[in-house]
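> Residue-level listing of the chains:
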Amino acid sequence: MSYNYPDSSGHFGQFGGIYMAETLIPAVEELRQQYLRFRDDPEFKAEFAYELKHYVGRPSPIYHAKRLSDSLGGAQIYLKREDLNHTGAHKINNAIGQALLAKRMGKKRVIAETGAGMHGVATATVAARFGMECIVYMGAEDIQRQAPNVFRMKLLGATVVPVESGSRTLKDACNEAIRDWVTNVESTFYIFGTAAGPHPYPMMVRDFQCVIGNEAKVQMPEMIGRQPDAVIACVGGGSNAIGLFHSYIEEKNVQIIGVEAGGYGIASGRHAAPLTANSKVGVLHGNKVYLIQDENGQIIETHSISAGLDYPGVGPEHCLLKDMGRAQYVAINDDEALAAFDALCRFEGIIPALESSHALAHAMKIAPTMGKDKVLLVNLSGRGDKDMNTVAKLKGITL
Amino acid sequence: MSRIQATFEKLKQQQRKALIPFLTAGDPDPQLTVPLLHALVEAGADVIELGVPFSDPMADGPTIQRASERALKHGTSLRGVLDMVAEFRKQNDTTPVVLMGYGNPIEAMGWETFARRCAEVGVDGVLTVDFPPEESHDAFEHLQQHGIDPIFLIAPTTNEARIELVAKLARGYVYYVSLKGVTGAGNLDLSDIAHKIPQLRKHIRLPIGVGFGIRDAATAQAVAKLCDGVVVGSRIVQEIENSNEQNVVANVGKFVRELRTAIDQA
Chain A
1 MSYNYPDSSG
11 HFGQFGGIYM
21 AETLIPAVEE
31 LRQQYLRFRD
41 DPEFKAEFAY
51 ELKHYVGRPS
61 PIYHAKRLSD
71 SLGGAQIYLK
81 REDLNHTGAH
91 KINNAIGQAL
101 LAKRMGKKRV
111 IAETGAGMHG
121 VATATVAARF
131 GMECIVYMGA
141 EDIQRQAPNV
151 FRMKLLGATV
161 VPVESGSRTL
171 KDACNEAIRD
181 WVTNVESTFY
191 IFGTAAGPHP
201 YPMMVRDFQC
211 VIGNEAKVQM
221 PEMIGRQPDA
231 VIACVGGGSN
241 AIGLFHSYIE
251 EKNVQIIGVE
261 AGGYGIASGR
271 HAAPLTANSK
281 VGVLHGNKVY
291 LIQDENGQII
301 ETHSISAGLD
311 YPGVGPEHCL
321 LKDMGRAQYV
331 AINDDEALAA
341 FDALCRFEGI
351 IPALESSHAL
361 AHAMKIAPTM
371 GKDKVLLVNL
381 SGRGDKDMNT
391 VAKLKGITL
Chain B
1 MSRIQATFEK
11 LKQQQRKALI
21 PFLTAGDPDP
31 QLTVPLLHAL
41 VEAGADVIEL
51 GVPFSDPMAD
61 GPTIQRASER
71 ALKHGTSLRG
81 VLDMVAEFRK
91 QNDTTPVVLM
101 GYGNPIEAMG
111 WETFARRCAE
121 VGVDGVLTVD
131 FPPEESHDAF
141 EHLQQHGIDP
151 IFLIAPTTNE
161 ARIELVAKLA
171 RGYVYYVSLK
181 GVTGAGNLDL
191 SDIAHKIPQL
201 RKHIRLPIGV
211 GFGIRDAATA
221 QAVAKLCDGV
231 VVGSRIVQEI
241 ENSNEQNVVA
251 NVGKFVRELR
261 TAIDQA
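For the protein sequence lines, the chains are A and B, in the order given. Residue numbers 1 to 399, in the numbering used here, belong to the letters of the first sequence in order. Residue numbers 1 to 266, in the numbering used here, belong to the letters of the second sequence in order.
Worth flagging that the hints you see were computed from the coordinates, not collected in a lab. It is possible that some hints are incorrect.
Some chain B residues close to chain A (C-beta under 8 Å, calculated; not the full set) [stated by the list, open to error]:
1. Leu-11
2. Leu-72
3. His-74
4. Gly-103
5. Asn-104
6. Asp-130
7. Phe-131
8. Ala-139
9. Ile-163
Computed from a predicted structure; not experimentally measured. A virtual CB, placed ideally from N, CA and C, is assigned to each residue, including glycine.
Let the sequences and hints guide you as you build the complete structure.
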């Protein structure tokens, strides 16, 4: 049986759906209709492909991290270089797709939530590119740890609104963006950053990010004559991961591994790894997913060294892939991610984002246990320039 | 006959409009919730919407967000809210209580347990802001099995087809959200309400309450003329926020009485 999710009502098995306030239901329904209308439209596809090639700089290369692999003495680690995209992360793929849709729907104002700031930068970028007003909601805590990205967004003409409520991180930025949307629903397009939220976002964001896996599936045989033994990506909401994984779901010989943020360790309770920690199913931000919550259904504050993974939920398709047993989900702690960050800097001259460092850390963990003929493809979803302040602070250095 | 139906029928006979105040359970302190509920009734409330606090109240403005935070800080849980209703019912068996909030605390408890507990403690209706009809089949089966009314929101953006869908599923009354925005926003449009209510009546035979953005007695009066009930939330929560433990019950009672007087003159 072939894998074909979501169903027409936006469900991935028991996950997903459209859990939104009534005011926004007509908006997500309109979005769904418009997306389905343009998804297969040759002109839309051609414009999206053109932007990805000439503006983003795709296809992103795959790089054999040979010195790093040799140092580990096991499986060969290959990197899908999404960090080389314009704006420095995979987020731009989706932001362009949604901006092209917004343009066709006549929306002149776009809003976004952002954690690490990469989706905010991507949205500010496409808003400048297509002449739209742009408002980005960002947790006050994240504004502190991602100051360079805040400045980038402002340079690009966006208004960055600090969110002081709740844990002052990504989930609260989402809440605030939803509040903006419900207030300005007719004029505004919500460029959602990850493959989660109400239908059609998990499907649409995945489709726009699938370019990652589609390219890799062509590039790997060109490089090594076959597909990798495993594909590995970090999972916060999970958009870079699903972008890589989706093309490989029916490649049964390729193992799929999602890496969540273990924070101070699952046992500490201070993490952002709902799949690994076997969190209960719950409803937040428009979809039913595995969700970090207390016994009363209140959302618990999460922790991760990386702002982009610091989120209590996860996209519905990852929840399904976990339940189906098609993908495996593991957690990497803050210190392990930081060690991988350092290793890639020193061995390969590549400064990775702290988010992507989680995926890399897991590859580095399992590579020594595998033969030298095995191949791990890691999605290097973003570059680490934005993390200079965080890393310096952890190393006790004042910039 | 359910308490909600009985209440609206009595009001209709008296040619009066329903006053439906909202407050968040556990705000400012769980000890004060039951006294506040009785004060609402004494001041003239017909139906009470009791907010169940949630950590991520996406449809609420800053006032009700802060109320949720205060309530959660005191450890208010859905279980605790149900106990408060049980306590309230010891002295009041007539005023309908509608729980209003987000789905996740109920999901965590389980809809079956929740619906059974609602019936046991005397909850009459449940309004789950982020559970539209499309996602509510199982939930409503449990509610209806226990005789609890599912209350639905209709927004200015709701189209005719969805109004019909809500009309089929709704029980008790229907809540028309009078503006595009979060609770407590201040840009209510009376002419939109005047235009929309007759449209809703074409499909909906239940009483229609209107809320969001009603901040004073004059507006409550104007809105009451157009519908069957007036919901006032953020403004009452603001009254709670601006009071202390000693005067909060009296202050809320005084404000709700002003609303009652104004609505009865509509």
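> Against each hint, give a clear statement of whether it holds in the structure.
Hints and how they fare:
{"no.": "1", "hint": "Leu-11", "result": "25 Å, violated"}
{"no.": "2", "hint": "Leu-72", "result": "6 Å, holds"}
{"no.": "3", "hint": "His-74", "result": "13 Å, violated"}
{"no.": "4", "hint": "Gly-103", "result": "5 Å, holds"}
{"no.": "5", "hint": "Asn-104", "result": "4 Å, holds"}
{"no.": "6", "hint": "Asp-130", "result": "5 Å, holds"}
{"no.": "7", "hint": "Phe-131", "result": "6 Å, holds"}
{"no.": "8", "hint": "Ala-139", "result": "11 Å, violated"}
{"no.": "9", "hint": "Ile-163", "result": "10 Å, violated"}
In this structure, the hints that do not hold are numbers 1, 3, 8 and 9, in rising order.
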